[in-house]
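Top line first, the protein sequences correspond to chains A and B. Take the first sequence: its position 210, counting from 1, is numbered 210 in the working numbering, and each next residue is one higher. Every number in the working numbering is 414 more than the matching position in the second sequence, counting from 1.
A couple of the hints might just be wrong.
Here are the simulated DSBU-like cross-link-like pairs (lysine-lysine), alpha carbons at most 30 Å apart as the crow flies [said to hold, decoys possible]:
{"#": "1", "chain 1": "B", "residue 1": "Lys-732", "chain 2": "A", "residue 2": "Lys-318"}
{"#": "2", "chain 1": "A", "residue 1": "Lys-393", "chain 2": "B", "residue 2": "Lys-581"}
{"#": "3", "chain 1": "B", "residue 1": "Lys-652", "chain 2": "A", "residue 2": "Lys-157"}
{"#": "4", "chain 1": "A", "residue 1": "Lys-59", "chain 2": "A", "residue 2": "Lys-115"}
{"#": "5", "chain 1": "B", "residue 1": "Lys-581", "chain 2": "A", "residue 2": "Lys-313"}
{"#": "6", "chain 1": "A", "residue 1": "Lys-238", "chain 2": "A", "residue 2": "Lys-408"}
{"#": "7", "chain 1": "A", "residue 1": "Lys-180", "chain 2": "B", "residue 2": "Lys-529"}
{"#": "8", "chain 1": "B", "residue 1": "Lys-464", "chain 2": "A", "residue 2": "Lys-180"}
{"#": "9", "chain 1": "B", "residue 1": "Lys-652", "chain 2": "B", "residue 2": "Lys-822"}
{"#": "10", "chain 1": "B", "residue 1": "Lys-575", "chain 2": "B", "residue 2": "Lys-558"}
{"#": "11", "chain 1": "A", "residue 1": "Lys-157", "chain 2": "A", "residue 2": "Lys-144"}
{"#": "12", "chain 1": "B", "residue 1": "Lys-514", "chain 2": "B", "residue 2": "Lys-571"}
{"#": "13", "chain 1": "A", "residue 1": "Lys-393", "chain 2": "B", "residue 2": "Lys-779"}
{"#": "14", "chain 1": "B", "residue 1": "Lys-558", "chain 2": "B", "residue 2": "Lys-581"}
{"#": "15", "chain 1": "A", "residue 1": "Lys-318", "chain 2": "B", "residue 2": "Lys-727"}
{"#": "16", "chain 1": "A", "residue 1": "Lys-50", "chain 2": "B", "residue 2": "Lys-594"}
{"#": "17", "chain 1": "B", "residue 1": "Lys-468", "chain 2": "A", "residue 2": "Lys-2"}
{"#": "18", "chain 1": "A", "residue 1": "Lys-54", "chain 2": "B", "residue 2": "Lys-416"}
{"#": "19", "chain 1": "A", "residue 1": "Lys-100", "chain 2": "B", "residue 2": "Lys-732"}
{"#": "20", "chain 1": "A", "residue 1": "Lys-318", "chain 2": "A", "residue 2": "Lys-408"}
{"#": "21", "chain 1": "B", "residue 1": "Lys-594", "chain 2": "A", "residue 2": "Lys-393"}
{"#": "22", "chain 1": "B", "residue 1": "Lys-464", "chain 2": "A", "residue 2": "Lys-2"}
{"#": "23", "chain 1": "A", "residue 1": "Lys-334", "chain 2": "A", "residue 2": "Lys-313"}
{"#": "24", "chain 1": "B", "residue 1": "Lys-514", "chain 2": "A", "residue 2": "Lys-313"}
{"#": "25", "chain 1": "A", "residue 1": "Lys-144", "chain 2": "B", "residue 2": "Lys-468"}
{"#": "26", "chain 1": "B", "residue 1": "Lys-473", "chain 2": "A", "residue 2": "Lys-50"}
{"#": "27", "chain 1": "B", "residue 1": "Lys-807", "chain 2": "A", "residue 2": "Lys-157"}
{"#": "28", "chain 1": "B", "residue 1": "Lys-416", "chain 2": "A", "residue 2": "Lys-59"}
{"#": "29", "chain 1": "B", "residue 1": "Lys-684", "chain 2": "B", "residue 2": "Lys-581"}
{"#": "30", "chain 1": "B", "residue 1": "Lys-822", "chain 2": "B", "residue 2": "Lys-807"}
{"#": "31", "chain 1": "B", "residue 1": "Lys-473", "chain 2": "A", "residue 2": "Lys-59"}
{"#": "32", "chain 1": "B", "residue 1": "Lys-684", "chain 2": "A", "residue 2": "Lys-50"}
{"#": "33", "chain 1": "B", "residue 1": "Lys-727", "chain 2": "B", "residue 2": "Lys-652"}
{"#": "34", "chain 1": "A", "residue 1": "Lys-167", "chain 2": "B", "residue 2": "Lys-807"}
{"#": "35", "chain 1": "B", "residue 1": "Lys-473", "chain 2": "A", "residue 2": "Lys-144"}
{"#": "36", "chain 1": "A", "residue 1": "Lys-318", "chain 2": "A", "residue 2": "Lys-180"}
{"#": "37", "chain 1": "A", "residue 1": "Lys-54", "chain 2": "B", "residue 2": "Lys-464"}
{"#": "38", "chain 1": "B", "residue 1": "Lys-748", "chain 2": "A", "residue 2": "Lys-115"}
Derived by calculation from the structure, the hints in this document are not laboratory data.
Number of protein chains: 2
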Amino acid sequence: MKATILTIGDEILIGQIIDTNAAWMSQNLTALGITVVERITVSDEHQAIKNGIKYSLSKSDIILMTGGLGPTKDDITKVAIADYLGVGMEFHEAVYERIKAIFAPRNIPLTSAHKDQCYLPQNVEILDNSMGTAPGMMWHHEGKLIVSMPGVPYEMKAIMKEKLLPKLAQRTDRKVILHKTIMTAGMGESSIADQIEDIVDNFDNEVSIAYLPGLAQVRLRITAQGTDEESLQTQLDKAVADITSRLGDLVYGFEEISLQETVQQLCIEKGITIGTAESCTGGYLSHLITSISGSSAYYNGSAITYSNASKQKMLGVKRETLDSYGAVSEPVVKEMVDGALRLLDVDVAVALSGIAGPHGGTEDKPVGTVCIAVGSHGVIHTRTILASKDRNKNIAYASNKALNMLRKYILQMK
Amino acid sequence: MKATILTIGDEILIGQIIDTNAAWMSQNLTALGITVVERITVSDEHQAIKNGIKYSLSKSDIILMTGGLGPTKDDITKVAIADYLGVGMEFHEAVYERIKAIFAPRNIPLTSAHKDQCYLPQNVEILDNSMGTAPGMMWHHEGKLIVSMPGVPYEMKAIMKEKLLPKLAQRTDRKVILHKTIMTAGMGESSIADQIEDIVDNFDNEVSIAYLPGLAQVRLRITAQGTDEESLQTQLDKAVADITSRLGDLVYGFEEISLQETVQQLCIEKGITIGTAESCTGGYLSHLITSISGSSAYYNGSAITYSNASKQKMLGVKRETLDSYGAVSEPVVKEMVDGALRLLDVDVAVALSGIAGPHGGTEDKPVGTVCIAVGSHGVIHTRTILASKDRNKNIAYASNKALNMLRKYILQMK
Chain A
1 MKATILTIGD EILIGQIIDT NAAWMSQNLT ALGITVVERI TVSDEHQAIK NGIKYSLSKS
61 DIILMTGGLG PTKDDITKVA IADYLGVGME FHEAVYERIK AIFAPRNIPL TSAHKDQCYL
121 PQNVEILDNS MGTAPGMMWH HEGKLIVSMP GVPYEMKAIM KEKLLPKLAQ RTDRKVILHK
181 TIMTAGMGES SIADQIEDIV DNFDNEVSIA YLPGLAQVRL RITAQGTDEE SLQTQLDKAV
241 ADITSRLGDL VYGFEEISLQ ETVQQLCIEK GITIGTAESC TGGYLSHLIT SISGSSAYYN
301 GSAITYSNAS KQKMLGVKRE TLDSYGAVSE PVVKEMVDGA LRLLDVDVAV ALSGIAGPHG
361 GTEDKPVGTV CIAVGSHGVI HTRTILASKD RNKNIAYASN KALNMLRKYI LQMK
Chain B
415 MKATILTIGD EILIGQIIDT NAAWMSQNLT ALGITVVERI TVSDEHQAIK NGIKYSLSKS
475 DIILMTGGLG PTKDDITKVA IADYLGVGME FHEAVYERIK AIFAPRNIPL TSAHKDQCYL
535 PQNVEILDNS MGTAPGMMWH HEGKLIVSMP GVPYEMKAIM KEKLLPKLAQ RTDRKVILHK
595 TIMTAGMGES SIADQIEDIV DNFDNEVSIA YLPGLAQVRL RITAQGTDEE SLQTQLDKAV
655 ADITSRLGDL VYGFEEISLQ ETVQQLCIEK GITIGTAESC TGGYLSHLIT SISGSSAYYN
715 GSAITYSNAS KQKMLGVKRE TLDSYGAVSE PVVKEMVDGA LRLLDVDVAV ALSGIAGPHG
775 GTEDKPVGTV CIAVGSHGVI HTRTILASKD RNKNIAYASN KALNMLRKYI LQMK
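So here's chain A without its partners, still in its complex pose (with noise of 0.2 Å):
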């Protein structure tokens, strides 16, 4: 089964949001083993949305629309669907009943916006929306389906968890594609490539890599592809097997898992609580570690200290240290370890400092210099690096290099 996903709206083409609702999307049906050929966005208009809908229709067995269906003027999805369809609209009062009872407890006054939402195009399945007032919408239709859900991330995405997944899965009749996704920090794309590149050469003909470089980190996605399972199976586990084998500790773990979450397992493992101390992360690694449900069984938390009036009065950092080394410098992140360990009472602390920029650097220490320390009582591991791309960038990949020291840290830990 192929599926296209077509997204409705000016906002996106022209830049004013991001479409992260695509790739959720194609997660969830590529594990149901249907294979998404395209993504397509159109505009605001009746006509191009009616086009986009032909185009996708001709590509694939089933479409997924988002986008277009709020309680405000501007949506227009509905029409063009009907039109397309070559039908009238309904008013359904089950929708209208939901949308009252949304609004009831909380004392906001229904419009004639959110009565306007309740006319929708015939012969429509309903899929219900557990998180919002548009409902989804599916339309069978010379033997393919067309399903059109809100554009707001948390309710597309209870639509298809709740309703949509579930019918997707019975029609589905799988075609075997296997992914195994090898997570790794700490090496470039370049080099990893060229350490297992006998391996590569030596893939079995239904296997192939792709790499996916990001902030600090390499996936490295194993597909396997064909028609026996089992045999697929064997060929994939073993591709993995030697590669891992291969990188040894710069892997961190696999499939989508991501580098809070390893060290959330190894802390829960060891036992071990940490704490962290922050200057030009400004509180970034400490939202990395704690938007993983769970984490305050060993994060205890964090001291963002901005100024240097900060880090002195909350971890004890000395004024002759950052005299002599400056705020940015392997003796000061040591002093911000020191400090956090005996402030959060934490086993492991790991400390930044450095400059995000894009001003404040200096020719001795240019944007991008960030020194990390981590360590518990008693041994600390220091270390300077050089990010040097725009601000956002340094402070999201010195977060995942902290990240990644610590996670070292804890591994050696008995």
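With chain A's structure known, arrange chain B on it following the hints.
Using the frame of chain A, we list chain B on its own:
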């Protein structure tokens, strides 16, 4: 001039990465008066890329391709372009010299993959890449332009800003499309639509509005489209002025300004320093504030207190307050503000404590409950919100609510 953005990569179609490039490209093309008529994503296969080029050229005068140009073996975009154009490949010594110059200072040896990068389809015009090894490329073909750039975001951006956009600016013969975006925080999409319905109904013919809801924010994009720039500007200005005056302090700025940038302007204007104290948002609020260059001038830091013990130790929250009201309560965030004012030595502090989820909710305090306090010595405002979406949504939503409370607090300060 019409453009299509053609993105290449199975990693996008299977949903492994989110395509953030296209939004940035769209913004920059739109700013030049170039209309992005479609965006399309195709697979890493030779035939799919060729078809994608053909389809895109049928819709537009220029196609901008990204992806598939890195140094590893999954790169086939160049070959597909050469095939489409009916030309061979040529080695470019200048490209090789640039790659050597990049790696020499880091002592990273060149691999054969780097040499392969220097073979490019004939008749190419090279667009230098100041941020990486793979060059941007451009071909003139039957009166149209084909551009191919690497998919790594900062490399693509550097090529566009430094090389491509200046070239395109010379070629455009501008049709008049004027946009202005009004940024609001504090009220939902439907209620705003209701409040300004009469203004929108009386818009001039050439003016339109789109509602773009975000987390705790709604952007209103006003567009005026036509031929007479002066008259369009007058119409647009009138629409923006009417809406802004109606919505009052719900409007925090214009164009793509963020709440944290508005807070920055206010802090600098009024000479105020700020600090934060975070529990459930785990550093995300601090990250938003410090994601802006220059934030160290007014932001001193944060105490991320992810445990009761750290709330007591770092912020001096009283044991009795935690016991009587629980960590997620207005009395606790009030004491967190008091503590942060002292600890960080700032004029205004904001504090949050809540249940980010998905676990830890109770009947009284369900997942998504977040208490926020903002204040200076003497006057502290508190508020409890219910976000109730997923963990990372809650974190972002609550952080934005806190920023908006901070903005309003500083607004009324002398």
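A quick look at each hint next to the structure:
At roughly 29 Å between alpha-carbon atoms, Lys-732/B and Lys-318/A fall within 30 Å of each other, so this suggested pair holds. In summary, the hint linking Lys-393/A to Lys-581/B is supported, as the alpha carbons are separated by about 27 Å, within the 30 Å threshold. As the CA atoms of Lys-652/B and Lys-157/A are separated by approximately 39 Å, the hinted pair breaks the 30 Å bound. As the CA atoms of Lys-59/A and Lys-115/A are separated by approximately 35 Å, the hinted pair breaks the 30 Å bound.
For the suggested pair Lys-581/B and Lys-313/A, the alpha carbons sit about 53 Å apart, so the restraint of at most 30 Å is broken. Restraint check for Lys-238/A and Lys-408/A: the C-alpha separation of about 26 Å stays at or below 30 Å, so the hint holds. Annotation: proposed proximity of Lys-180/A to Lys-529/B holds, straight-line Cα distance about 29 Å (limit 30 Å). For the suggested pair Lys-464/B and Lys-180/A, the alpha carbons sit about 28 Å apart, so the restraint of at most 30 Å is met.
Restraint check for Lys-652/B and Lys-822/B: satisfied, since their Cα atoms lie roughly 26 Å apart, inside the 30 Å limit. At roughly 20 Å between alpha-carbon atoms, Lys-575/B and Lys-558/B fall within 30 Å of each other, so this suggested pair holds. A threshold of 30 Å between alpha carbons decides the hint, and for Lys-157/A with Lys-144/A the separation of about 22 Å falls inside it, so the pair holds. At most 30 Å may separate the alpha-carbon atoms for a hinted pair to count; Lys-514/B and Lys-571/B meet this at roughly 22 Å.
Of the supplied pair hints, the one linking Lys-393/A and Lys-779/B is violated, its CA atoms being roughly 37 Å apart against a limit of 30 Å. Taken as a hint, the Lys-558/B and Lys-581/B pair is honoured in the structure, with Cα atoms around 14 Å apart against an allowance of 30 Å. For the given pair, Lys-318/A sits about 20 Å from Lys-727/B by alpha-carbon distance, which is consistent with the 30 Å threshold. With a CA separation close to 28 Å, the supplied pair Lys-50/A and Lys-594/B stays within the 30 Å bound.
At most 30 Å may separate the alpha-carbon atoms for a hinted pair to count; Lys-468/B and Lys-2/A meet this at roughly 21 Å. Restraint check: the Cα-Cα separation between Lys-54/A and Lys-416/B comes to about 21 Å, which is no more than 30 Å; the hinted pair holds. The hinted pair formed by Lys-100/A and Lys-732/B fails the criterion: a straight-line CA distance of about 43 Å is larger than 30 Å. The hinted pair formed by Lys-318/A and Lys-408/A meets the criterion: a straight-line CA distance of about 28 Å does not exceed 30 Å.
Of the pairs offered as hints, the one joining Lys-594/B and Lys-393/A holds, with about 28 Å between alpha carbons and a cut-off of 30 Å not exceeded. Straight-line distance between C-alpha atoms of Lys-464/B and Lys-2/A comes to about 19 Å, which keeps the hinted pair within the 30 Å bound. With a CA separation close to 16 Å, the supplied pair Lys-334/A and Lys-313/A stays within the 30 Å bound. With a C-alpha separation of about 47 Å, the suggested pair Lys-514/B and Lys-313/A falls outside the 30 Å cut-off, and the hint is violated.
At roughly 26 Å between alpha-carbon atoms, Lys-144/A and Lys-468/B fall within 30 Å of each other, so this suggested pair holds. Restraint check for Lys-473/B and Lys-50/A: the C-alpha separation of about 15 Å stays at or below 30 Å, so the hint holds. Among the hinted pairs, Lys-807/B with Lys-157/A is consistent with the structure: their alpha-carbon atoms are about 13 Å apart, no more than 30 Å. As the CA atoms of Lys-416/B and Lys-59/A are separated by approximately 24 Å, the hinted pair is consistent with the 30 Å bound.
Restraint check for Lys-684/B and Lys-581/B: not satisfied, since their Cα atoms lie roughly 42 Å apart, outside the 30 Å limit. Restraint check for Lys-822/B and Lys-807/B: satisfied, since their Cα atoms lie roughly 22 Å apart, inside the 30 Å limit. Of the pairs offered as hints, the one joining Lys-473/B and Lys-59/A holds, with about 17 Å between alpha carbons and a cut-off of 30 Å not exceeded. For a cut-off of 30 Å, the pair hint linking Lys-684/B to Lys-50/A is broken: about 53 Å separates their Cα positions.
Restraint check for Lys-727/B and Lys-652/B: the C-alpha separation of about 54 Å exceeds 30 Å, so the hint is violated. Proximity of Lys-167/A to Lys-807/B is assessed by CA-CA distance (about 27 Å); at most 30 Å being required, the pair is judged to hold. For the proposed pair Lys-473/B and Lys-144/A, the alpha carbon gap of about 26 Å is at most 30 Å, so the pair holds. Distance hint between Lys-318/A and Lys-180/A is unfulfilled; the C-alpha atoms sit about 48 Å from each other, more than 30 Å.
Straight-line distance between C-alpha atoms of Lys-54/A and Lys-464/B comes to about 21 Å, which keeps the hinted pair within the 30 Å bound. Between the alpha carbons of Lys-748/B and Lys-115/A the distance comes to roughly 42 Å, so the proposed pair goes past 30 Å and is violated.
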